[in-house]
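Enquirer: The primary structure of each chain is shown beneath.
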Amino acid sequence: MVEHLTDAATYPLLHQTLLLAEAAFTVLFTLEYLLRWYASPNRWRYPFALHALVDLIAILPSILMFAHVLGIGSEFLVLRTVRLLRTLRLLRLLRLLRILRHGYSVYRLAVIVRIWTTAIVYQYRLGRVARLLLLSVLAWVAGANVLHLIERVSENPTHPSPYAADYWETYWGVIVFIISGMDAPEPVSLGARVVVTTLLVAGICIVAVFTGEVVSILVRTEQRRGRMALKPPGLKLAEHVVILGRNDHLERIIHQIHRAFGGRHYILVVCEDAETLPSPGPLTHRRVFALQGNPARDDVLDAANIEDARRVIVLSGDAGKATPSERDDVALMHALAAVARNRAIPLVVELQEPESLRYASSIKTADCLVSRHFGEMLMSQSVHNGGVAEIYDELMTFSADTSEFYRVRVPSQLVGKTFRQAQELFLDLDTESIVPVGIDGPGAHAYRDFRLCVADGTGRASLADHVLTESDHLIVCAFDRPSFDTSKPEMAWHEIPRS
Amino acid sequence: MARDPSELTDHVVICNVNEKVRAIVEQLRHDPVAGAIDIALIVQDAKLWEANPEWHPPLGGAGRVFQILGCPAESDALRRARIAQARAAVILADPELGMLADARSALVGIAIERENPHVHTVMELILSVNRSHLRATAVDEVICLGELSEKLLSQSAVTPGVSKLFAHLLSSRSDTGQLFVRPVPNVLVGSTYRELARRAIRNDAPYVVCGFIRHRPRERGGRHESIVVFNPRVNTVPGKDSHLDTRDSLILLASGPPDLSLMDG
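Chains as they are written, first to last, in numbering that gives the first Met the number 0: chain A, 0 to 498; chain B, 0 to 264.
Check each hint, because a few of them may be wrong.
[What the hints assert, rightly or not] Each pair of labels, with its calculated beta carbon distance range: (1) B/Val128 <-> A/Leu132: 45 to 53 Å; (2) A/Asp272 <-> B/Glu224: 38 to 46 Å; (3) B/Asp244 <-> A/Val414: 38 to 46 Å; (4) A/Asp307 <-> B/Ser170: 32 to 40 Å; (5) A/Val414 <-> B/Asn202: 19 to 27 Å; (6) B/Arg201 <-> A/Asp307: 48 to 56 Å; (7) A/Leu33 <-> B/Arg201: 41 to 49 Å; (8) B/Val128 <-> A/Leu52: 57 to 65 Å; (9) A/Tyr358 <-> B/Asp203: 40 to 48 Å; (10) B/Arg201 <-> A/Tyr358: 45 to 53 Å; (11) B/Val128 <-> A/Thr29: 58 to 66 Å; (12) A/Ser398 <-> B/Ala45: 42 to 50 Å; (13) A/Glu431 <-> B/Arg201: 21 to 29 Å.
Source of the hints: derived by calculation from the structure; they are not laboratory data. All of these numbers come straight from a predicted model, not from anything done at the bench. Glycine residues also receive a C-beta, built at the ideal position from the N, C-alpha and C atoms.
Build the full structure now, drawing on both the sequences and the hints.
Expert: What follows is the structure in structure tokens.
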């Protein structure tokens, strides 16, 4: 937005340019307002919607201003002369209210900037460097003032001191003393000489510490090159995905999660060897932090801020000396520790032995997976159906070129229609590829009561004649979340159900 | 367990034994969709096999299990398992070899190919980095548990509960949906995916046509290359409106063997 606060008489060209720019923006915003009104589903209600009022308040002052400039309604405006115009100018600041429209984006940007700056400050120890610089500046200011004061008090007319005559010269003198000490004129009084000597020693110390600090930062940066960024101690992540433990699958899980969430959520890996974790690659590096510590310890889970996390993934330990059962024990302990801090958080727990599922069933929010079990089933199916292994591989991979399963609300235009009609509608849809395969119940617990469109006891597709209701969820295969799933941008951080 | 497999035909040969063998044998023997299947189990390390009775499939039930002692990479053991008459071979990772099992499994795959180039081969892979090397072999399907674990964990983390859907689809129970891959019958050759899917919907077929697999010979080498087109798009080739031919296979979601004649006309 342009504010033409320039004086028209002094800067006529600039004034003219800014005025034109303001006119252009006003026309643009007015057009946007009218188009939004035209496109709104309910044109009677639209002007009274909060965002529409914000838009109107934002453009109205400018429209009134230009109306005055063009002489429209001039009688009314002239009466209030300059005072009213000034008021109108101030009113134009209300345009800033338009930011409210993008409140979610601004919030998200603020969060990203906060996390990024905290990480940079921690990685390069900028806090310590800043404290050191502050100390130097304080020493400089204090030293210069003390030097000036002493020289002034003990001023000798026969030996005039440059530090007594000129206050600002003292600052320059102190700098020269600290850096070179060669060309600066000597102080005259004994006290000032003591001060200068102290400053010289302090300067040597500060420079040495500063140099050491910079070298240490460079060495540490070099040592951590290619490694996962460590979570700064004071940084509180929110809406993040926490991975407890590590094994060979970690890196690829990070990539999958990052891709699935479009990089919106931060990922925090908590394990005892976080310092040595490799970086997940340039694309995901900025969204992933590692936290050193035992994931079963309270202070570590505190630092992971598991209360505000969106998801927790518990990985079983590396296949080293521990037996599969021992690995499961550790994973279950980590899962219990997470649930103890946040009972509602959805967990995914990787287990090795099917027997461990008995214990895992006591954790209500946990989704426990024994991949061996899935592998055995997939091998059996592959024997009968050549190619299914590749199909499942595609269905389980998050990428732009593969389909995944999505559970979405029935769009309003399909409410009251049969599942068969929905199938035909999606088949004819060419803008995006969607195959509906079944429906899920209305509950928040996904895939608890789902039904697929396959034969029932009668040999007919049981779902074909099912009339879709608003509370139904469609299970569809699609390359991305279907566009008819019109969740608001504000919901992007909450698009995954909490339970 | 039976020991004379001389009459075996259209059976499944399982090479090597590990902790997965019991579940796999059980599912194959009691598959309600495919029916009872006979199994030839090639056991290389008899001591290991005897030391782990929990791996042994239970006696009785549908389908016979034949145990053959020998090295699955050698012709003798494969011939005794009648690999030439088998419908499929499953190569499990040798637990004695740990992370090095993939090399032995690949050798077994090559040996099977030499004995019967037409048998459908499914191999268990330990290290996903070896997957690309197996493209040069005759192994038809490679299943890496590590990859499967990563993908399932990610899917479940993003969409809680979706593992139940996968478990449902992968289960061989008769009351669950499964993905079936069936060659395009001659009467349907020339149709597009869109046409077939529409006919299935309108004829009230008890299945969902999800896509197709295009098998084509590779430019180099004699083996075929398969392109899985699951949920075909309009703007890609092959896609929603590509004409299918006899070399293609349809992917269908059904609870039993799908009747493709329901898409005819």
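Enquirer: Confirm or reject each hint.
Expert: Going down the list of hints, with the structure as the test:
no., hint, result
1, B/Val128 <-> A/Leu132: 45 to 53 Å, "48 Å, holds"
2, A/Asp272 <-> B/Glu224: 38 to 46 Å, "42 Å, holds"
3, B/Asp244 <-> A/Val414: 38 to 46 Å, "40 Å, holds"
4, A/Asp307 <-> B/Ser170: 32 to 40 Å, "37 Å, holds"
5, A/Val414 <-> B/Asn202: 19 to 27 Å, "26 Å, holds"
6, B/Arg201 <-> A/Asp307: 48 to 56 Å, "50 Å, holds"
7, A/Leu33 <-> B/Arg201: 41 to 49 Å, "45 Å, holds"
8, B/Val128 <-> A/Leu52: 57 to 65 Å, "59 Å, holds"
9, A/Tyr358 <-> B/Asp203: 40 to 48 Å, "45 Å, holds"
10, B/Arg201 <-> A/Tyr358: 45 to 53 Å, "50 Å, holds"
11, B/Val128 <-> A/Thr29: 58 to 66 Å, "60 Å, holds"
12, A/Ser398 <-> B/Ala45: 42 to 50 Å, "45 Å, holds"
13, A/Glu431 <-> B/Arg201: 21 to 29 Å, "22 Å, holds"
Checked against the numbered hints above, the structure breaks none of them.
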